[in-house]
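Asker: Chain by chain, the residues:
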Amino acid sequence: MGQAKLSVGQWMILGLVAVCAPLGDACLSRGMAAMPQIDLAHPLSLIGAVFTPWIAGGIALLICFFASYLTALSWADLTFVLPATAFGNMIVELLSKFWLKEEVSLERWIGVLLITVGVGFVAQGPARTELPNNSVTAAVPMEEEKAR
Amino acid sequence: MTILSPSAVSVNPWVGAAMLAAIVVASTTGEVLTAAAMKSIGDLDDIRAHSGMKGAIRAVLTCPLFFAGVSFLALAFFSLLFALNHLSLGLVAPASASLTVVTNAIAAKFFLHENVDKRRWTAAVLICIGVYFLVH
Numbered sequence: 284m285g286q287a288k289l290s291v292g293q294w295m296i297l298g299l300v301a302v303c304a305p306l307g308d309a310c311l312s313r314g315m316a317a318m319p320q321i322d323l324a325h326p327l328s329l330i331g332a333v334f335t336p337w338i339a340g341g342i343a344l345l346i347c348f349f350a351s352y353l354t355a356l357s358w359a360d361l362t363f364v365l366p367a368t369a370f371g372n373m374i375v376e377l378l379s380k381f382w383l384k385e386e387v388s389l390e391r392w393i394g395v396l397l398i399t400v401g402v403g404f405v406a407q408g409p410a411r412t413e414l415p416n417n418s419v420t421a422a423v424p425m426e427e428e429k430a431r
Numbered sequence: 012m013t014i015l016s017p018s019a020v021s022v023n024p025w026v027g028a029a030m031l032a033a034i035v036v037a038s039t040t041g042e043v044l045t046a047a048a049m050k051s052i053g054d055l056d057d058i059r060a061h062s063g064m065k066g067a068i069r070a071v072l073t074c075p076l077f078f079a080g081v082s083f084l085a086l087a088f089f090s091l092l093f094a095l096n097h098l099s100l101g102l103v104a105p106a107s108a109s110l111t112v113v114t115n116a117i118a119a120k121f122f123l124h125e126n127v128d129k130r131r132w133t134a135a136v137l138i139c140i141g142v143y144f145l146v147h
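Protein chains in written order, with our numbering: chain A, 284 to 431; chain B, 12 to 147.
It is worth saying that the hints were derived from the structure and are not from the lab.
Glycine included, each C-beta is placed from N, C-alpha and C at the ideal position.
Any given hint could turn out to be false.
Claimed, not checked - Computed list of lysine to any residue pairs in SDA-like fashion (alpha-carbon distance at most 20 Å, straight line):
(1) A:K288 / B:D56
(2) B:K129 / A:S379
(3) A:K288 / A:G403
(4) B:K120 / A:T368
Said to hold, decoys possible - The following residues of chain A were derived to be distant from chain B, with all beta-carbon distances above 12 Å:
(5) G292
(6) A350
(7) S357
(8) S388
Claimed, not checked - Reference listing, derived: stretches of chain A covered by chain B, where coverage requires no fewer than 3 residues with Cβ under 8 Å from a Cβ of chain B:
(9) 361-371
(10) 401-407
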């Protein structure tokens, strides 16, 4: 195992992974809830939905999530990045409680606590398993070779 | 509160288990293939520093493993939609979300050769139970 310390920029990428997915889902949910019911007989009305502000914002956030997720996977293990996505569930609960003033049950708080402890366990360890023929260090030459 | 689809009560338990298994297997395969693709490409930050954003995007879009991973993630999404049409949301969401956390850890150990130590196993189990509590 190597590269125990991540840079500030890399932590910010993981933060984007955690924040963008739940916010994107929330925007899509809010946008679709405001739309009139869409049935399979009129699928084109879904295309119109894409251009409404909430859904367009949700799609932009989910694109941001996927780009951050791919970037994180390029320098960290899957088992290191996945907890960051689970951390997003916790952010949703906190937003529900303190922003939307919704009632959050005891079970949900227990879930939040368990995820927080789990993420803490992973965050203390190294981000990446270094393999003998790891291609990370060879990434730039490979890219330059493609460019030639 | 569980939300039952009209046909939920008539589903054979084995068929229901097969639907959940399809979601978990497709999702895990997609995650592992995507992670393998990004590992084979290398650090995107370095590629972007040398070849710019276009170079980074080209590196991702010319990797066949990436498209295989995205295809399986899409399959997982449609499997989820299919399962939701037959089973209750209260069963499908927590079961698939929490099982996937553990299967990803197992797959990462055996296929990506990641060092899944005690710390990561503990985290996977805690997050699995935590997600179940959150979604249930």
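Asker: The structure should be examined with respect to each hint, and the outcome stated for every one.
Answerer: Status of each hint after checking the structure:
Distance check on the hinted pair: K288 (chain A) and D56 (chain B) sit about 16 Å apart at the alpha-carbon level, within 20 Å; holds. Distance hint between K129 (chain B) and S379 (chain A) is unfulfilled; the C-alpha atoms sit about 33 Å from each other, more than 20 Å. For the hint linking K288 (chain A) to G403 (chain A), the alpha-carbon distance of about 14 Å falls within 20 Å, and the restraint holds. At roughly 19 Å between alpha-carbon atoms, K120 (chain B) and T368 (chain A) fall within 20 Å of each other, so this suggested pair holds.
At the 12 Å boundary, the C-beta of G292 (chain A) falls inside the reach of chain B, the nearest C-beta of that chain being 7 Å off. Once the 12 Å rule is applied to beta carbons, A350 (chain A) is inconsistent with being away from chain B; the minimum gap is 9 Å. The Cβ of S357 (chain A) sits about 4 Å from the closest Cβ of chain B, inside the 12 Å cut-off, so the non-interface label is violated. The non-interface label for S388 (chain A) is inconsistent with chain B: the shortest C-beta to C-beta separation is roughly 9 Å, within 12 Å.
Only residues whose beta carbon comes within less than 8 Å of a beta carbon in chain B count, and the stretch 361-371 of chain A has 7; three or more means the coverage holds. For the stretch 401-407 of chain A, the stated coverage by chain B holds: 5 residues have a C-beta nearer than 8 Å to a C-beta of that chain, and at least 3 were required.
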